[in-house]
Every structure is written in structure tokens, then in C-alpha cells.
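Order-wise, the sequence lines are chains A and B. Take 1 as the starting number for the first sequence in the numbering used here and just add one per residue. Take 1 as the starting number for the second sequence in the numbering used here and just add one per residue.
Hints are computed from structural coordinates only; laboratory data are not their basis. This one's a predicted model, so the numbers in the text were calculated from it and none came from an experiment. Treat the hints with caution; some may be incorrect.
20 Å max Cα-Cα, derived SDA-like pairs, lysine to any residue [said to hold, decoys possible]:
no.	chain 1	residue 1	chain 2	residue 2
1	A	Lys-200	B	Ser-189
2	B	Lys-183	A	Asp-196
3	A	Lys-473	A	Gly-141
4	B	Lys-183	A	Arg-195
5	A	Lys-200	B	Trp-186
6	A	Lys-168	B	Pro-85
7	A	Lys-525	A	Glu-214
8	A	Lys-125	A	Thr-167
9	A	Lys-200	B	Ile-184
10	A	Lys-409	B	Arg-51
11	A	Lys-200	B	Ala-195
12	A	Lys-413	B	Ala-45
13	A	Lys-200	B	Val-182
14	A	Lys-412	B	Ala-48
15	A	Lys-352	A	Gly-363
16	A	Lys-444	B	Thr-43
17	A	Lys-412	B	Arg-51
18	A	Lys-413	B	Thr-43
19	A	Lys-403	B	Pro-44
20	A	Lys-125	A	Pro-79
21	A	Lys-413	B	Arg-51
22	A	Lys-200	B	Gly-179
23	B	Lys-198	B	Leu-149
24	A	Lys-200	B	Ile-290
25	A	Lys-413	A	Gly-442
26	A	Lys-257	B	Tyr-152
27	A	Lys-403	B	Ala-48
28	A	Lys-365	A	Asp-288
29	A	Lys-444	B	Ala-45
30	A	Lys-412	B	Ala-45
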Amino acid sequence: MRFSRLLIATTVALSLASPLSAKTLRWASVGDALTLDPHAQNEGPTAAMNQHIYDPLIQRDPSLKKIPNLALSWKPIAPTVWEFKLRPNVKFSDGTPFTADDVVFSITRVLSPTSDFKTYLASVKEAKAIDPLTVQLITDGPNPILPDQLTNIFIMSKAWSEKNNVTKPQSYKDKEETFAVRNAMGTGPFMVKQRDPDIKTVLVKNPNYWGKDEFKDYPDELVYTPIKEPATRVAALISGQLDFVLDVQLQDVARVKQTPGLKTLESAQIRAIFFGLDVGSPELKYSDVKGKNPFADKRVREAMYKAIDINAIKTKVMRNFASPAGIITSQGVNGWTKELGARPPYDIAGAKKLMADTGYPSGFKVTLDCPNDRYNNDEAICQAVVGMLAQIGIQIDLQARSKTLHFPKLQKKDSSFYLLGWGVPTLDSHYVFSFMYQTNDGKKNGSWNFTGYSDPKLDALVEKMAQETDIEKRDGLIADAWKISRESNAYLPLHDQVIVWSMSDKVDMPIFATDSPYFRYAKMK
Amino acid sequence: MLSFLVSRLLQAAAVMIAVSFLCFVLFNFVGDPINNMVGQEATPAERAELRHQLGLDDPVPIQFVRFLGNAAVGNFGKSYRMARPVEQLIIERLPATLELVFCGALLALLLGIPLGVLTALRRDTWDTRAVMTFSLAGVAMPTFVSGILLIYIFSVECTGWVAWLGLPTGLCLPSFGRGETVKIGWWSSGLFTGAGLKALILPSATLALFQMTLVLRLVRSEMLEVLRTDYIKFARARGLTNRAVHFRHALKNTLLPVITVIGLQIGGLIAFSIITETVFQWPGMGQLFIQSVQFADIPVMAAYLVMISFFFVTINLIVDLTYAVIDPRLRVDRARAVGNAH
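With the hints as extra help, turn the sequences into a complete structure.
Now the structure itself:
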């Protein structure tokens, strides 16, 4: 049954795509999307695949500005009501029309218990269809960043979902695989032709795409292969078996640049890498200092900050694919400023002097926990810092682990000193504060704040900025909050990762700082 | 014979249970799958809820009994990573691995045996020395190095050379994947298309390299041994041709231990194709396993390890049994031993 349906879809797709001038873009990255169900897995590669099939209401353009997609305009009409005017004459790839009912259905689906995106819409109480092209979202309080949050929410077809019994996102406890895991029905620029998870995924142009007049030249077909081994990925690109590789290893970038017919694009990623320090515990769990916590002393933190030679890390460890950071978020996030992004200078003499004043003139021992398969050169960064901090007498026992062990260890608050990276999908500072700085109450707030850092003044600012709808006032709150948190040094910022996309000269496309390629913008020669 | 068979089967069953228990206990140390399954935004309560849904908060013995009960009926649960039934994932991946192993083993035998014979017969010539030096490299070089080396020569550098010679780039070999496959029932095969066969060359050569040198060296040393025995001298004294002496008498007696070793190596080939599959992005079971380890996808890891140990135990059992059948001396010994007991 499913096979025959697939066969029909394939034949339709084949007959519609013009075979003569078909342009195929073959691309690869390290890991495949986990599922095509757009609400089941909140994960980068999964969203990168699904955004070609499904559209959000509001979208980010290559400069990360919000632009209309399925919604043409949006505005708050009351403190707790946002109204969205939908794009007319949009069809799903099976030709059925897109209406407000599909939006209400999708929002409701996102809010269901098995969804992995419900945190994005935690403020939404209800979605209402006013007429076929108008939708209202009712929130439990004023929410100025709802449009930003909606850029991560994809819209599904209500009729298709009901027909295939996928009105709820796939759930882990169900024994059955749902239809939406390997099949999809969206309004996006592409539709699924073949989906073999971890092996090969073929997307073809959606003949009913609403944007086909605006985006004329994008490829007719996308062939995606996940290639785990970095050397194989580069080899396949150099030998012309691929047109685009998302994640060439940093040490191979020079090789790609030298190869005629290939080019690279670079951008600072919206992901800051930093160290977290346990500043809250009365005694560090993994240190030789007993009865007190050296990290609780602000001067120790400042000394450590000054002792980190960020330029050495940038040039030697990161091969210049990093941009040093002064706060734990990146350029492009609302609230980031040049002043905040500037670091205090590397100053080993000053650091030594500070340490001498603190009561730890001969330093102390502490364990540093570090992932070894999550961020660019993560373990190497930690190794470099071990040597730098040894200069001010802090002896580090480095424990590098796989991310599947590192993150649970952090979440058990079982670390005194750790490396972490944090991306910001909403592109707003509130996201950073509410996860990293707010007091960890074990429930909603500060759920990734494992430092024990807690400042009631900052907490109050974060609560206020979540509800403040006046943009200017809100930006003021954000600036105040950054001032407090930056001075606390509860985290020691390192850098923003720089991403490098490698591709054939035949491909012309913009890079996204979110590290998520969007082939609607690609042109092929 | 029957008691021998029964005791072997019991041993095999004991090994299987021990292995499944061991891998089950090990999985408690590979990390927490929950983090990979939910986004960074999930609250602690949501994480606890999911852990409870999956039964990961039950005591280990209860989890193990549940696992054994399900495994006995071929139900290994659902992959945490792909949200699909594990047995279905494995069945999809099995053909790729088996075809790769088959071609690798075939290549190893077809090259290893003749080369072994040749180097045994033509001792102290330059070509033998060349082959033996090469075989040393084959034994010593790790699979990931030889795989990358083959990709570098036959996919990357090759494009430059064929362009220089004015030949089509199609002569170079693909560096990843299975090429084109056709479906025969549920079995997806790359053996029937040009692209599929082409894609098989580099991975199976990589997989075969170590096995081939092993066979080569084994055949050579056995052959040298056999050539020194008395019956070969008598055969020569009878005036038989060199061909008859070498191939009818010497090679035949050489092959017995070779077959045993190969039998055991096939299990190893299936298990160790992991590296070759990773290097060539070969969509087989080994790759599935590696990805599951990184994700802490316990159901897939458990099913894979249980299945591989099942292969090993079965192949061992068959080798044990056939050994008794093939080698007449073993049969005689046992009959005599039984006779004495009475």
C-alpha cells in the first residue's frame, strides 16, 4: 500500500520534473536527519533537512532577518494576542490548498505532549482560525519574541496528517513507526522522492511551490548522503562526486581551497564556546581545596580569564576558524554589541598578581570536564587551556568524554569546571539568560545553568524582558542584564565557532550563520 | 556423536546468554540516550518523563529480563535514534554487509591461495620476495589507512590522471556508498548493476587485503611444510609430474587448516567490516552500530552485539562439527576412545 503510493508519487514527480535540463545538487554532511516528522526532534541536521519540505510561518533570510513565508504579515492586536495574515494561493505538494486550519492544526500538534518543540511555544495557550487566511495565537502573557520562536515551527497539512494517522508527533513509547517519519507533505520548495535514513535522501522540486516565480533557479533535485568519515567526505568532494559539503574538517579547508573548481564560504556561527565554573557550591567537588570554593572568589575567575591566551587558541588550535568572544553569545543575537563582544586583554602578569592576592598564591588542583565529539576541536581547546592555567598555578586534571557522557554529567551538576557551547535558535538574548544565567530552580528556569550562579537582580530583569513588548525598553533590560552577567565571570567566554561550507564552483549559494543550508537560494551553473 | 553435538549446543547457548548479559551491563556505562533524544530546551521534568516511558529508570535486572524475553521472539525494541523497529533496521542493512563480506572473502581466496602456492614453489626468487614484502605491509597496515589510501589513489588522484590521458572520468572509482542497487524481495543487491559492482571494488579490496595476506602466508607455510614430507618425496620418486605432485597431493593437504581458519575469519570479517564500512560510507550493519554507539542507542547496540555473537557461535559450531567430519583421524580417535571405555 505504502509502496504503491510511493511509486505513484515518484512517477508523478518524474513526469513533472523536466528531464532535459534537470540540475542535481549532490551534498553530504556528517549526520542525517533523525526523522522527517517536523515536530519530533529539535535537532540541527533534522531541521536542515525538513526546512526544504516544510515551511514555517516566518522565516530567516541569509542575513538572519525575519521575512514572510507562509505568513505575509504579523502584529500583536492585544497584549496577549498575535495576529498572522497568511499567504494566499499556497498549495501543498499534493495540490491541496493551504489554509488557516493547517496552521491551527500544526500549532496544536506542536503543543502536544510528544512534541520536541513545545518549549518554543510554551507561552501559547491557543491557536484560532479567524478566516481561511487569518490566524490568532493567544498567549498566557505578552510575548514579544513569539515571531522569532515561530521561525522554528513547520506547518503540516491537516488533511494529510489525519489521513495517515499522524496527528501527534512520533513518540518513543509507541512501538510503531509513524507514517510521518519517512514521508512528508509540506508547502516547501522540495518534496521527498526517496528517503533511506542514513543512506540516501532524494528531494525533488515541488511543482506546486508558491515561491517558484521568485526562486526560479534552484536545483531540480537534491541528493543527500550522510558521510561519517571526514576524509571520505573531502575525497568525494575533491573527486567531483559531491557538489557541496557542509562540514569539511578545519584542517582540510586549505586542501579544498587549493583544489581548482572548488570554493569555500565562511561565517561566524551563532554558537559561543565557553567554560562554566561552579561558583555556587560551598566546596568544589573535584578539587584539592577543602572547606571552601576558590571559584566563588571573583578575583580567581578574573585571573583565569586573563590567563587564557585566546589568540593562541584561535591561531594554533582553531586554525583561525574562530572569532574571540567577550560574552557567551554571538554576533547576530539581539543584545550583542561590539563593546560586549570585546575581551579584556590577555595579561599573564596581571593574572599572577590577582592569584597572589586571593589566598591561593601556589594555586590549586581542579578537574576540567570536556566533550570530545561535540564542538570543533573541543578537546584540543581544553588541552591548550590546561597549559595556560598551569602558569597561574591552577593544575588541571583534564577529563575528555563523549557527548553522551559529558552532558548527563553536567545535568547531574556533577562538574566543577566544564566546557560548553550554546546556540541561540531564537536569536534573542533572553534565550541565553533564561537557560544559562537564571537561577536553576530544577524546573523551568536556568535548566542549563550548572554553575550555581544566582543573582535575584538578574532573575528579575530576565522575567521582565520576557513580557516587555516595548522594543526600546526591552533592549535596555537586555543591556542591563548583560552588564551584570558579564561582570560576574560565572562563565569564561572563549569564541564563536566559524563554519566553513565547501562546494563546487558550479554552485552559487549564500551561507547561513545557523549552519543550516537552504537550497532554495542555491543556483547551479 | 549425539552427546558431542548436545554438549556443543549447550555451550553455545551458555555463551549467548553470557554475551547478552555482558553487553547489557556494559550499556549502562555508555551514556545517557535521553540527551540525544530531546532538544537542549527540554526541562528536567520532561527528561524524567521520557526516561520513565522508556523504562530506563527500572533496575538493571528487570531491564535485562525484559530484554531477553523480547529478544527471544526477535523483538529488539525501537531505535532511540531513528524511532524505527531495530529488527527492521538490521534487515535493511544486512544485505550490504553480507555482499561486502562475500566479495572480500572471495577476493582474499582467489588471490591468496594461488599466490601462496606460487611463493612456496618459487622460493628465493625476486617475485616471491616482492610478494612477501607486500604481504607484510598488508598484514601490518590498519584497515582505515589502506582504505583511505585506496580512495586517494583510485578516486581522488585518479581524476587528474585520466584527464591528463584524455580518458573518461568514469574510469575512476567511487569513494563512498553502494552505487546503484536493485531490490530482490527485501534484499537490496549491488551485484547486478555496473555502478553497484564498481562501488564494491574499493571496499572489498580494503576488507580483503588483510585476509588475503593471511591466507597467502598460511598457504605458503603449510605448503612448504607439506613439500618436505615423505609422501611428496615418494610421489616424486614414482615419477609423477610436477603438476600432479604440487596440486593433487601437496595443495589438497595444505587446504584443510586453511579452510578452518577461513571459516573462523568469516565471522571476523562480518564483525570487523565496521571500519571498512565507516571509511567508505557503506550502508551496512557496522556503520549502523557505530552510529548507535555515538548516540547511545541501546536497543540497536544490544541487537547488533547479540547478532554478531550469534554468528560467531554458529560458525564455531559448524567448524567444530565439520572438522570431525572432514578429518578422518579425528573420527578414528574418537571411535577408539569410545571403544576403550567399554
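Right, here's what the structure says about each hint:
no.	hint	in the structure
1	Lys-200/A - Ser-189/B	15 Å, holds
2	Lys-183/B - Asp-196/A	13 Å, holds
3	Lys-473/A - Gly-141/A	17 Å, holds
4	Lys-183/B - Arg-195/A	15 Å, holds
5	Lys-200/A - Trp-186/B	17 Å, holds
6	Lys-168/A - Pro-85/B	19 Å, holds
7	Lys-525/A - Glu-214/A	18 Å, holds
8	Lys-125/A - Thr-167/A	19 Å, holds
9	Lys-200/A - Ile-184/B	19 Å, holds
10	Lys-409/A - Arg-51/B	16 Å, holds
11	Lys-200/A - Ala-195/B	15 Å, holds
12	Lys-413/A - Ala-45/B	16 Å, holds
13	Lys-200/A - Val-182/B	14 Å, holds
14	Lys-412/A - Ala-48/B	12 Å, holds
15	Lys-352/A - Gly-363/A	10 Å, holds
16	Lys-444/A - Thr-43/B	6 Å, holds
17	Lys-412/A - Arg-51/B	14 Å, holds
18	Lys-413/A - Thr-43/B	15 Å, holds
19	Lys-403/A - Pro-44/B	18 Å, holds
20	Lys-125/A - Pro-79/A	13 Å, holds
21	Lys-413/A - Arg-51/B	18 Å, holds
22	Lys-200/A - Gly-179/B	11 Å, holds
23	Lys-198/B - Leu-149/B	17 Å, holds
24	Lys-200/A - Ile-290/B	18 Å, holds
25	Lys-413/A - Gly-442/A	11 Å, holds
26	Lys-257/A - Tyr-152/B	17 Å, holds
27	Lys-403/A - Ala-48/B	19 Å, holds
28	Lys-365/A - Asp-288/A	5 Å, holds
29	Lys-444/A - Ala-45/B	9 Å, holds
30	Lys-412/A - Ala-45/B	13 Å, holds
Against the hints set out earlier in the document, no violation occurs for any number.
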